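Line by line, the protein sequences give chains A and B. Just so you know, this note's numbering puts 451 at position 451 of the first sequence, and the rest follows in order with no gaps. Just so you know, this note's numbering puts 201 at position 201 of the second sequence, and the rest follows in order with no gaps.
Hints are supplied without guarantee of correctness; some may be wrong.
The calculated DSBU-like cross-link candidates involving lysine-lysine, where the alpha carbons are at most 30 angstroms apart (straight line), are [claimed, not checked]:
| id | chain 1 | residue 1 | chain 2 | residue 2 |
| --- | --- | --- | --- | --- |
| 1 | A | 518 | A | 569 |
| 2 | A | 515 | A | 553 |
| 3 | B | 100 | A | 443 |
| 4 | A | 398 | B | 113 |
Distance ranges between label pairs, derived from CB positions [unchecked claim]:
| id | chain 1 | residue 1 | chain 2 | residue 2 | range |
| --- | --- | --- | --- | --- | --- |
| 5 | B | 179 | A | 392 | 21 to 29 angstroms |
| 6 | B | 20 | A | 403 | 42 to 50 angstroms |
| 7 | A | 438 | B | 35 | 27 to 35 angstroms |
| 8 | B | 142 | A | 514 | 47 to 55 angstroms |
Bear in mind the hints are in silico, worked out from the structure with no lab data behind them. If you're wondering where the values come from, they're calculated on a predicted model, not measured in any experiment. Every residue, glycine too, gets a C-beta built ideally from N, C-alpha and C.
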Amino acid sequence: MRRVHTFHGGIHPPEHKAQSLQAPIQPAGIPPQLVLPLAQHIGAPAQPVVRAGQAVRGGELLAEADGFVSVPVHAPTSGTVSAIEERPVPHPSGLSAPCIVIDTDGADTWLPPAPLAAAERADQTRLRECIQGAGIAGMGGAGFPTAVKLSPGPGKAIDTLIINGTECEPYITADDSLMRERAGDIVAGTRILAELLAPRDILIGVEDNKPEAIAALQAAADSTMEVVVFPTKYPSGGEKQLIEILLGKQVPSGGIPADIGVVCQNVGTAVAVHEAVARGRPLVSRVTTVTGEAVTRPGNYEVLLGTPMGWLLEQAGVDPDRARRLIMGGPMMGFSIPAPECPVVKTTNCLLVPTEAELPTPPPAQACIRCGLCAEACPATLLPQQLYWFARGKEYDKLEGHNLFDCIECGACSYVCPSHIPLVQYYRASKAEIIARRREAEKADHARERFEARQARMERLAAEREAKRAERKKAAEAKARAKARAAATEGAETVDGAQAAADEDPIQAAIERAKARKAALAAGDAGEPADRVAKLTANVDAIAKRLAAAREKLESYDGGEAPVAEALKRGVEKTADKLAKAEAELREAREGVSEEA
Amino acid sequence: MLAWLADHPLAAAVLALVALGLVFGAVLGYAAERFRTEGNPVVEQINAILPQTQCGQCGYPGCRPYAEAIAGGSAEINQCPPGGEAGIQALADLLDVEAKPLDAAHGEEAPVKAVAFIHEDDCIGCTKCIQACPVDAILGAAKQMHTVIGSECTGCDLCVEPCPVDCIEMIPQAETLKTWHWPLPDPAAGRVEIIATDRLQDRAA
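All chains, please: the whole structure from these sequences, using the hints.
Right under this line is the structure:
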């Protein structure tokens, strides 16, 4: 007998399981219409491969897996695809998502089943493909694609396979009845899973409140597997909690069970794997518990996926006057379904229709009295009270520091809270907010990269343009020089140095011209004094004219930019200086003339 | 030498301090060269908080110039509408200053993120929006229809203004199953002044 361990915390809510265990599993029948969401699992939604108006038979592929973490969707019965459109899906948001709608014909004609031959079963790749191709996702509630879990990757040897038959949440008995009635299928499915993972131990964990299921499993189990029974406590069915109970080992924070060599699969998943591999039947139906005091015929129903919940509730006889709300999942972790037309999906283990007396509306939350009951109940050994304060203060760094992401959202803290604080709600919202922020930060990083790449490109283009312009300029200059040289060699003597320089550069030419003029003026100095006086007089006249023009410009320039006005003023002053100098020179020259005279 | 130092304790002390100064100076000088940080690290940190929409609503031509202005002290931290209150809070925490409400002069925080959409029937292919887009999220060529790559659009709406035929619209993104998340319970909603059961009795009475 294996020694079982326990985990920290946990609670013992009333079980309410007997009411749905009165009768064996019964088929729910074929509803007139089936609505199959493309995303019934965690991962990428499946891609439709049928068109509206197309006739399909049972087991036919409707949508194929999109990538590795994705599973296909199959037709649960024969009929016609009437639409591929957005329909409300079972999700706490009440939003719509793409669904394939089938109008059933009631004939239930099927494609011939194609079970794997013995030779194919020996090939592990083929076996995994078969499990993925059958659309199997975890049936316990999360809906993680099973084939992904069965490919733990290199370097991760699996030494324990755990089949989870715990079903710890109140009201739900889908797995219980499956274990009672189909223990043989569970064992066969487990054997297939074991072929893929080659574990040392195979454990089937069941709580001790299911004696009939335990007896049936023990009768069916072979020598390779062990049925382990342990005391009932919520939430023993959580993957990490079950591993701790059976092995006494904890999954590291942020890790997955495969990190410590464990893979967990639900009993329903084992049955689905057996159906797919041995009978060639894809996952098109599941056992769903319909229960609650407002249901007149509570029990476990074998339901085709896509069956509208409202239709299923009619089959089970729901009293609409007493029904308070419709919950998918159990009272602890389930969520309210806003629209009864939502379909049953791969993860719908229970539909709970309680009366107001049975599950009363939670009273308004009161102040936290720091009693610490939540910390005692937390199966993940977190500090719910501390997390609550941080969540209210939106201190996301601190929430992460206090390992918010190890919270399994079991609801034990909310259950024990004497102030009725919806603690799990705070954690769910904060987790989602942190994830949204991470996504946004990633997006911002991406945008920055693109912006910087664009900046770099613009700079490069500008530099290239500049380089091209410089090159063109250089080429033009070289051309002009070559032309000038050609003209010079042709023997045009008239072209003196100044003109050659003018060809080269207009500024240089201007300077040359000014120099020539000055030289001429200096030469004039040495010439006749009378000539000089005449020249200087002309010079004074010219400067006086320029000064008048400058003054006019300065006066007509009305304010505006200060630097411009300043420059004009400076120009006037300079010209006035020049005029004074020229006049002085003229006076000197005149005196010289009169002296000579 | 040692005997001389022993005879002149004052000189010995001065020499020892000078020697220590030289040694530490050398170490610090080496460290300053060896561990030099390129650029201003505060600018990097501020830039990491900014939402990178490159929208220019802050009055600077992009998020980095705004980050540089904040680091240089010439800009306030409350000029970024896309970053919103959360962004201001993060900047205040980083710079250890008081958080301020968003400056309304620079715009308001949009409740829902929007993405640009080009009404393709009206597009004349002028490429003006392509030149305006800071993250190259618009695809197209001269006289060819343009379109926005939705996943790359930051919602900065810089492309709306230059469009000569007004064919660009900012479409708020609808909530999907991927973007939806649980709302935080409103602590004020359930606040009760008296004990809840008493109030129920009050109502019954």
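Tested hints:
For the hint linking residue 518 of chain A to residue 569 of chain A, the alpha-carbon distance of about 27 angstroms falls within 30 angstroms, and the restraint holds. For the suggested pair residue 515 of chain A and residue 553 of chain A, the alpha carbons sit about 28 angstroms apart, so the restraint of at most 30 angstroms is met. Of the pairs offered as hints, the one joining residue 100 of chain B and residue 443 of chain A holds, with about 26 angstroms between alpha carbons and a cut-off of 30 angstroms not exceeded. Only pairs whose Cα atoms come within 30 angstroms are accepted, and residue 398 of chain A paired with residue 113 of chain B is accepted, the gap being roughly 27 angstroms.
Roughly 23 angstroms separates the CB atoms of residue 179 of chain B and residue 392 of chain A, a value that falls within the hinted 21 to 29 angstroms. For the pair residue 20 of chain B and residue 403 of chain A, the supplied restraint of 42 to 50 angstroms holds, since their beta-carbon distance comes to about 48 angstroms. At about 31 angstroms, the CB distance of residue 438 of chain A to residue 35 of chain B agrees with the hint of 27 to 35 angstroms. Between residue 142 of chain B and residue 514 of chain A the CB atoms are about 51 angstroms apart, so this pair conforms to the stated range of 47 to 55 angstroms.
In this structure, every one of the numbered hints holds.
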